[in-house]
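2 protein chains.
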Amino acid sequence: MASSTGDRSQAVRNGLRAKVLTLDGMNPRVRRVEYAVRGPIVQRALELEQELRQGVKKPFTEVIRANIGDAQAMGQRPITFLRQVLALCVNPDLLSSPNFPDDAKKRAERILQACGGHSLGAYSVSSGIQLIREDVARYIERRDGGIPADPKNVFLSTGASDAIVTVLKLLVAGEGHTRTGVLIPIPQYPLYSATLAELGAVQVDYYLDEERAWALDVAELHRALCQARDHCRPRALCVINPGNPTGQVQTRECIEAVIRFAFEERLFLLADEVYQDNVYAAGSQFHSFKKVLMEMGPPYAGQQELASFHSTSKGYMGECGFRGGYVEVVNMDAAVQQQMLKLMSVRLCPPVPGQALLDLVVSPPAPTDPSFAQFQAEKQAVLAELAAKAKLTEQVFNEAPGISCNPVQGAMYSFPRVQLPPRAVERAQELGLAPDMFFCLRLLEETGICVVPGSGFGQREGTYHFRMTILPPLEKLRLLLEKLSRFHAKFTLEYS
Amino acid sequence: MASSTGDRSQAVRNGLRAKVLTLDGMNPRVRRVEYAVRGPIVQRALELEQELRQGVKKPFTEVIRANIGDAQAMGQRPITFLRQVLALCVNPDLLSSPNFPDDAKKRAERILQACGGHSLGAYSVSSGIQLIREDVARYIERRDGGIPADPKNVFLSTGASDAIVTVLKLLVAGEGHTRTGVLIPIPQYPLYSATLAELGAVQVDYYLDEERAWALDVAELHRALCQARDHCRPRALCVINPGNPTGQVQTRECIEAVIRFAFEERLFLLADEVYQDNVYAAGSQFHSFKKVLMEMGPPYAGQQELASFHSTSKGYMGECGFRGGYVEVVNMDAAVQQQMLKLMSVRLCPPVPGQALLDLVVSPPAPTDPSFAQFQAEKQAVLAELAAKAKLTEQVFNEAPGISCNPVQGAMYSFPRVQLPPRAVERAQELGLAPDMFFCLRLLEETGICVVPGSGFGQREGTYHFRMTILPPLEKLRLLLEKLSRFHAKFTLEYS
Ligand SMILES: Cc1ncc(COP(=O)(O)O)c(C=O)c1O
Ligand SMILES: Cc1ncc(COP(=O)(O)O)c(C=O)c1O
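So the protein sequences, as listed, match chains A and B. The working numbering puts the first residue of the first sequence at 184, with every later residue one more than the last. The working numbering puts the first residue of the second sequence at 184, with every later residue one more than the last.
Heads up, some of the hints might be wrong.
To give an idea of the interface, some chain B residues facing chain A are shown, with a C-beta separation under 10 angstroms as derived from the structure [unchecked claim]:
hint : residue
1    : Ser307
2    : Val355
3    : Glu381
4    : Leu382
5    : Arg418
For lysine-lysine, the following PhoX-like pairs were computed, each having C-alpha atoms within a straight-line distance of at most 20 angstroms [to be verified]:
hint : chain 1 : residue 1 : chain 2 : residue 2
6    : B       : Lys659    : B       : Lys574
7    : B       : Lys673    : B       : Lys241
8    : A       : Lys240    : A       : Lys525
9    : A       : Lys525    : A       : Lys335
10   : A       : Lys352    : B       : Lys202
11   : B       : Lys352    : A       : Lys202
12   : B       : Lys241    : B       : Lys574
13   : B       : Lys352    : A       : Lys352
14   : B       : Lys202    : A       : Lys335
15   : B       : Lys335    : A       : Lys202
16   : A       : Lys673    : A       : Lys241
17   : A       : Lys666    : A       : Lys241
18   : B       : Lys666    : B       : Lys240
19   : B       : Lys574    : B       : Lys352
20   : A       : Lys241    : A       : Lys335
Don't read these hints as lab results, they were simulated from the structure. On a predicted model such as this, the values are computed, not experimentally measured, just so you know. Quick reminder that beta carbons are idealized off the backbone N, C-alpha and C, glycines included.
Sequences and hints are given; from them, build the entire structure.
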């Protein structure tokens, strides 16, 4: 001890010493976290934007951020009713203004009544404002054809992200061979891999079947589970439906099979259903895990543990910035549920404006309300345009040689597969880049189009993909898709 | 394996089986988390409120929540300018309304320009909107008498809580005797103990000196550090200034001594400065750690690692529900800083309305702006009333026999020490309660006053305290303080 202090004083005299917190010494789990959606490609996009602003000449005039599911960043306008009520909540002086419809005022007053000090500026209870939990429960009941939902099982959150992390936290235990394993789809939304890395849990990959439109196959779940049991204790299964980045919408049969599997294998189910309003394909329909589970009856309905997540960030409203969301837990052990609440209370509460927004999303204007017609028209317009863009994306990509794209049945992304010539793969390896990262970087530099390489989400060895949102306005999207297809052809030629 | 599957099928046939996720099997670190500010006493307060609403007769007509630093929940009105600009941001249609001052409109337009899609509904970059980071940096420079602040070192967060947890996460490493230890004050704000428990770090307690108005004593830091080195590797030191729950404001000399100590002992400094605008006592002044560090010059200024936290929840605005906050890091290793950004990006971004609010807090109206006079008047009124309430609290408590209370120099709480008669302590032990929890529960049941027992924050063995906010309106606070003092006298009599 004495000598180390001596060394230190020496260093101090020299005016030089190592940092206390270094890359080597920091939390190794945090180091292992990867997060592609906002990774190096996005860094580069930011730099390019700056260069453009500084007048640097580029082969494009703007950077198009097709990397993230952020509708309003792509120009989608907020739904009028939602913003009217929120403005009234933020500044209640407006309640006397003649410029707001009556139902918007009533809704704002109702929300404010339920807030501490009748203000969005008070902390709420950690599980979220009680009235809003009740409204969420009623929404779930309507969505699920009357199957009961208990507000006690609904917890509001800071976006769905927060709730997903919280539930995963509860599940992590054990060391070495008994460490918690969590099954996640590949390709996945990288929140899952990042959170498991941070928590020190074991990520157990199950592959979605690209040949069958990214279907989830129970045989593959079995394979993944059996292999994982050699080195960890699998305790949970995550499903994303509709899928990100893969855009598939699961059939009812598939969901039943997954529930049976989880039940037999004693896995806690996490159903990421943030895209539940984003279903476009004819013949596709959203089935909530909760509803299917309840309709399956005993022994599943009363026992299978499930957490279902929803968000204000997606759907028709795309209110990402407000960070609203919730989780409904089903059949969760009561004592564990208490522990979850305790954990949530450490961070005090989710943002109250996001809670208020969630309230409006789960209880929109009724047909007899003055705001109904406009609300409905705006909502339908967004969803109809998304459906058209989903269709267009699939079409244009599938016309391009070397690109193949499954139907975008739901969510907000296409995840096309691209052929990359062997010489391009070699070149990427020389540069120390994943081949699809190399492709996406070149795409960005030459066209300004920012998409995320498939390697950020996971994909079968030797296949290459990228994720592109369908969010740019229709005509712009068409140009983008064509530009991207032409770039791929040129890139292929260049390396052939 | 086969037999366990057999057992399971048996259980399935019986329709009975254990939960996958149980209290025994869940994350043991989460189980160890404690969070008193929203613990059992608050649960009971909620129940009492419900009973009152149902018409149950009680010796009081309302529950007074003096347990949490939530100004607006206690009736404080939001600052007009802040809410005007926010309403304009939320609903930009209002920009054409004549009912908003010009400077509010300009500020809203400026913020919206900096948002994705010019909307609060887009995700921001994970570190927060660039313009707002720049405004925060300029605020810090003004606050610190011109010492430079770099926006690159400012990261916006979901309340200060989020940033504190993030920085602590980076620091946690090691196993057994090399586990990261973090020094925290006792009494402390329980976010720290809860987070360290969750992260599996070692909490190293240093005691504030109640006899000297809760001063921080470097000799005590030394003692705590030396003892801790036997069983962990102390790497960080947290300081809360102004103090929660203790209300002390540190002197410049004290801060210098702490910085020298941290430097010599190679500790990363975390300065929780969320109450920087809440200083009331004559002779007390807020000194930021950053400013003092920089003014100390070499070798400290260029090397000592520091993270300083601020929030929109406290100060004169008390906008807790918006969850705005930031951390400024100083001398952090560049690669570690990259890792921090990566970690933040997993949860996408802090709530954008909270970011916008933070922007207004760090760059309020200038003297030449139309909103200046009203803004200034409202701000001063809040701060003057808080100062009066701080004084009143100290006075009334110190007049009560068996209660002694240090001056509330800053922050929003008193943390008086109460004598509890030995028979009350015995009775509490019979009930399995901490003696001050017993006192606070009885207080709640008989008076409706909800305060948090000192045991939730930590205190010297054998001493008893509670934390009470100074936030209720002045006249109400006076009644509360008197009621509480009378209850203590009665309680003492009852158990003597
Ligand atoms: C599948 C999925 N889950 C969860 C989230 C998190 O969204 P948020 O935290 O904004 O609610 C996203 C966001 O893109 C997502 O795609
Ligand atoms: C000392 C201290 N730090 C941090 C916080 C967190 O505040 P918030 O997350 O609302 O910014 C609080 C809240 O009471 C506090 O008292």
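Evaluation of the provided hints:
With 10 angstroms as the threshold, the beta carbon of Ser307 (chain B) comes within range of chain A, its nearest partner Cβ sitting at about 7 angstroms, so the hint holds. A distance limit of 10 angstroms between C-beta atoms decides the matter here; for Val355 (chain B) the minimum to chain A is near 5 angstroms, and the interface restraint holds. Given hint, Glu381 (chain B) at the interface with chain A, holds; its Cβ is 7 angstroms from that chain's nearest Cβ, closer than 10 angstroms. Satisfaction of the interface hint for Leu382 (chain B) is found here, the shortest Cβ-Cβ separation to chain A being roughly 8 angstroms, below the 10 angstroms cut-off.
A cut of 10 angstroms between beta carbons decides the hint on Arg418 (chain B): the least distance to chain A is about 6 angstroms, and the hint holds. Restraint check: the Cα-Cα separation between Lys659 (chain B) and Lys574 (chain B) comes to about 15 angstroms, which is no more than 20 angstroms; the hinted pair holds. Of the supplied pair hints, the one linking Lys673 (chain B) and Lys241 (chain B) holds, its CA atoms being roughly 18 angstroms apart against a limit of 20 angstroms. Straight-line distance between C-alpha atoms of Lys240 (chain A) and Lys525 (chain A) comes to about 54 angstroms, which puts the hinted pair past the 20 angstroms bound.
Restraint check for Lys525 (chain A) and Lys335 (chain A): satisfied, since their Cα atoms lie roughly 14 angstroms apart, inside the 20 angstroms limit. Of the supplied pair hints, the one linking Lys352 (chain A) and Lys202 (chain B) holds, its CA atoms being roughly 17 angstroms apart against a limit of 20 angstroms. Taking the CA atoms of Lys352 (chain B) and Lys202 (chain A), the gap is near 17 angstroms; set against the 20 angstroms cutoff, the hint holds. Restraint check: the Cα-Cα separation between Lys241 (chain B) and Lys574 (chain B) comes to about 31 angstroms, which exceeds 20 angstroms; the hinted pair is violated.
Between Lys352 (chain B) and Lys352 (chain A) the CA atoms are separated by roughly 14 angstroms; this keeps the pair inside 20 angstroms, and the hint holds. Of the supplied pair hints, the one linking Lys202 (chain B) and Lys335 (chain A) holds, its CA atoms being roughly 19 angstroms apart against a limit of 20 angstroms. For the given pair, Lys335 (chain B) sits about 19 angstroms from Lys202 (chain A) by alpha-carbon distance, which is consistent with the 20 angstroms threshold. Taking the CA atoms of Lys673 (chain A) and Lys241 (chain A), the gap is near 18 angstroms; set against the 20 angstroms cutoff, the hint holds.
Of the supplied pair hints, the one linking Lys666 (chain A) and Lys241 (chain A) holds, its CA atoms being roughly 15 angstroms apart against a limit of 20 angstroms. For a cut-off of 20 angstroms, the pair hint linking Lys666 (chain B) to Lys240 (chain B) stands: about 19 angstroms separates their Cα positions. A C-alpha spacing of about 38 angstroms is found between Lys574 (chain B) and Lys352 (chain B), which places the hinted pair above 20 angstroms, so the restraint is violated. Between Lys241 (chain A) and Lys335 (chain A) the CA atoms are separated by roughly 55 angstroms; this puts the pair beyond 20 angstroms, and the hint is violated.
Hint compliance for this structure: hints 8, 12, 19 and 20 are not met, and every other hint is.
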